[in-house]
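Participant: What follows is each chain in one-letter form.
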Amino acid sequence: MAENTGTADTDNADGAIEILFFKSDSCPFCPRAEEVIREVIGEFDPGVFRLVVINVSEKPEVAEEYGVFALPTVVVGGMSVTGVPEPEMLVKIILGSRLSRKRRTTR
Amino acid sequence: MSKFTIERVRTGIPGLDELIEGGFPRGDTILVAGKAGTGKSILAVQFLYKGATEYNEPGVLVTLEEPPHLIKRNMMRFGMDLERLEREGLLAIVDLSPSKERTPVMVGEYPSFDLSGLEAIILSHIRRIKAKRVVIDTLSIMAYKFRSRDILREEFFKLCASITGEGCTLLLTSEIPAQDTGLGVFDIETFLASGVIVLYNEKISETSRSRSIEILKLRGSKHSSRIHSMRITDEGIRVWPGEIPGH
Numbered sequence: 001m002a003e004n005t006g007t008a009d010t011d012n013a014d015g016a017i018e019i020l021f022f023k024s025d026s027c028p029f030c031p032r033a034e035e036v037i038r039e040v041i042g043e044f045d046p047g048v049f050r051l052v053v054i055n056v057s058e059k060p061e062v063a064e065e066y067g068v069f070a071l072p073t074v075v076v077g078g079m080s081v082t083g084v085p086e087p088e089m090l091v092k093i094i095l096g097s098r099l100s101r102k103r104r105t106t107r
Numbered sequence: 001m002s003k004f005t006i007e008r009v010r011t012g013i014p015g016l017d018e019l020i021e022g023g024f025p026r027g028d029t030i031l032v033a034g035k036a037g038t039g040k041s042i043l044a045v046q047f048l049y050k051g052a053t054e055y056n057e058p059g060v061l062v063t064l065e066e067p068p069h070l071i072k073r074n075m076m077r078f079g080m081d082l083e084r085l086e087r088e089g090l091l092a093i094v095d096l097s098p099s100k101e102r103t104p105v106m107v108g109e110y111p112s113f114d115l116s117g118l119e120a121i122i123l124s125h126i127r128r129i130k131a132k133r134v135v136i137d138t139l140s141i142m143a144y145k146f147r148s149r150d151i152l153r154e155e156f157f158k159l160c161a162s163i164t165g166e167g168c169t170l171l172l173t174s175e176i177p178a179q180d181t182g183l184g185v186f187d188i189e190t191f192l193a194s195g196v197i198v199l200y201n202e203k204i205s206e207t208s209r210s211r212s213i214e215i216l217k218l219r220g221s222k223h224s225s226r227i228h229s230m231r232i233t234d235e236g237i238r239v240w241p242g243e244i245p246g247h
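Residue numbers (our numbering), protein chains in the order written: chain A, 1 to 107; chain B, 1 to 247.
Where hints are given, some of them may not hold.
[Unchecked claim] Computed list of chain B residues with no C-beta within reach of chain A, every gap over 10 Å:
1) Lys100
2) Lys130
3) Thr164
[As the list claims (entries may be wrong)] Taking beta-carbon pairs under 7 Å as the criterion, some of the chain A residues facing chain B (in silico):
4) Phe49
5) Pro60
6) Ala63
7) Glu65
8) Val75
9) Met79
10) Ser80
11) Val81
12) Val84
13) Met89
14) Ile93
[As the list claims (entries may be wrong)] Restricting the straight-line Cα-Cα distance to at most 27 Å, the calculated cross-link-like pairs of lysine-lysine (BS3-like) are:
15) B/Lys100 / A/Lys59
16) B/Lys50 / A/Lys59
17) B/Lys217 / B/Lys35
18) A/Lys92 / B/Lys145
19) B/Lys100 / B/Lys72
20) B/Lys145 / B/Lys158
Read the hints as simulated data drawn from the structure, not as lab findings.
For glycine and all other residues, C-beta sits at the position ideal for the given N, C-alpha and C.
Generate coordinates for the entire structure from the input sequences, incorporating the hints supplied.
Facilitator: Below is the structure:
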């Protein structure tokens, strides 16, 4: 798990929706992408999300495990967005991941 | 005439080195292009296998398409045991094939990304096993994974420079679409590389095909300008330098 790599900045408590953010030291778009993610998360109650930041320059093996090599990339519930995301798109995949989670629990 | 000679990296592929002054120029990027089923991946992996087993040059295989277990199974047919090389630290297989269980489904792409992740992954393996040879198989799959081709084109140049900057000789494979006359889906493949090898498997009659190989360019080398016979034998690819198809 990405949380166990020692690279993650973990926000919020367990049981929250996990957002994986892959970035690197050299990627010029990554700081803006991280800002967008934090802005979107900030619109929700604290504890709803857990943000895990993976710096691929330091932990390339985590990116390899997930098959993520274009940066920035955000992963939520098995779906990903590459590039600086629009806030609406992020909300969309978050909602998508919540729905798929609900579907699993009601089966 | 200058006495300056370019250091060569022997491919170890029987018959091929004779066509290219003994091998690829060390630290160059070489493109192996061909339509589906022409033997690009076999040639590329054989280059790594021979490097590891005959020339003490460890290699990194980056697979963007075929899962490692299938590559290993297919190469065992030619007596090339990749798993053993992995165990001995002579080969690293970087699995970036789409079939990986944890790979997320990409639902959005914005034209503001780079391939610094790919670079970091590859460089970490190069440094870990002190690799001298790198294969990326196949570049073409990126065209189906990402829409932003302008970004990819620019990023490929940076990636190649970064890998060869580590002292590695880089071999890229590129699939030529069935009806296409170019050398790949990005139209820049030939500019990326200082050497281009094209593989053919042409239909010569209703019941047979003939394999051949052409060295289209190889900077700094007096290479053969003819198309030569090539076969996939029980021991992998073999080239017949003196044999011209159809003659």
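Participant: Determine for every hint whether it applies to the structure shown.
Facilitator: Outcome of the hint check:
Its beta-carbon lying about 5 Å from the closest one in chain A, lysine 100 of chain B breaks the requirement of being farther than 10 Å from that chain. No Cβ of chain A approaches the Cβ of lysine 130 of chain B within 10 Å, the least distance being about 17 Å, so the stated non-interface status holds. Consistency note on threonine 164 of chain B: stated as away from chain A, and its beta-carbon is indeed over 10 Å from all of that chain's, at 18 Å minimum. Checking phenylalanine 49 of chain A against chain B by beta carbon gives a least distance of about 17 Å; that is not within 7 Å, so the hint is violated.
Restraint check, proline 60 of chain A versus chain B: the minimum CB separation of about 4 Å is within 7 Å; hint holds. Here the hint on alanine 63 of chain A is kept, as its CB sits about 5 Å from the closest CB of chain B, short of 7 Å. With a least beta-carbon distance of about 6 Å to chain B, the hint placing glutamate 65 of chain A at the interface is held under the 7 Å criterion. The criterion of a C-beta within 7 Å of any C-beta in chain B is met by valine 75 of chain A, whose closest approach is roughly 5 Å, and the hint holds.
With a cut of 7 Å, the hint placing methionine 79 of chain A at the interface with chain B holds, because the nearest CB-to-CB distance is about 5 Å. Checking serine 80 of chain A against chain B by beta carbon gives a least distance of about 4 Å; that is within 7 Å, so the hint holds. Restraint check, valine 81 of chain A versus chain B: the minimum CB separation of about 4 Å is within 7 Å; hint holds. Interface restraint check: valine 84 of chain A against chain B, minimum CB-CB distance 4 Å, threshold 7 Å, status holds.
Restraint check, methionine 89 of chain A versus chain B: the minimum CB separation of about 5 Å is within 7 Å; hint holds. Interface hint at isoleucine 93 of chain A: satisfied, since its Cβ lies 6 Å from the closest Cβ of chain B, which is below the 7 Å cut-off. Between lysine 100 of chain B and lysine 59 of chain A the CA atoms are separated by roughly 19 Å; this keeps the pair inside 27 Å, and the hint holds. Distance check on the hinted pair: lysine 50 of chain B and lysine 59 of chain A sit about 30 Å apart at the alpha-carbon level, beyond 27 Å; violated.
About 18 Å separates the Cα atoms of lysine 217 of chain B and lysine 35 of chain B, which keeps this hinted pair within 27 Å; it holds. A hinted pair counts as satisfied when its Cα atoms are at most 27 Å apart, and lysine 92 of chain A with lysine 145 of chain B qualifies at roughly 21 Å. This hinted pair checks out: lysine 100 of chain B and lysine 72 of chain B have alpha carbons roughly 16 Å apart, not beyond 27 Å. With a C-alpha separation of about 19 Å, the suggested pairing of lysine 145 of chain B with lysine 158 of chain B holds against the 27 Å cut-off.
In summary, the structure is inconsistent with hints 1, 4 and 16 from the numbered list given earlier, while agreeing with the others.
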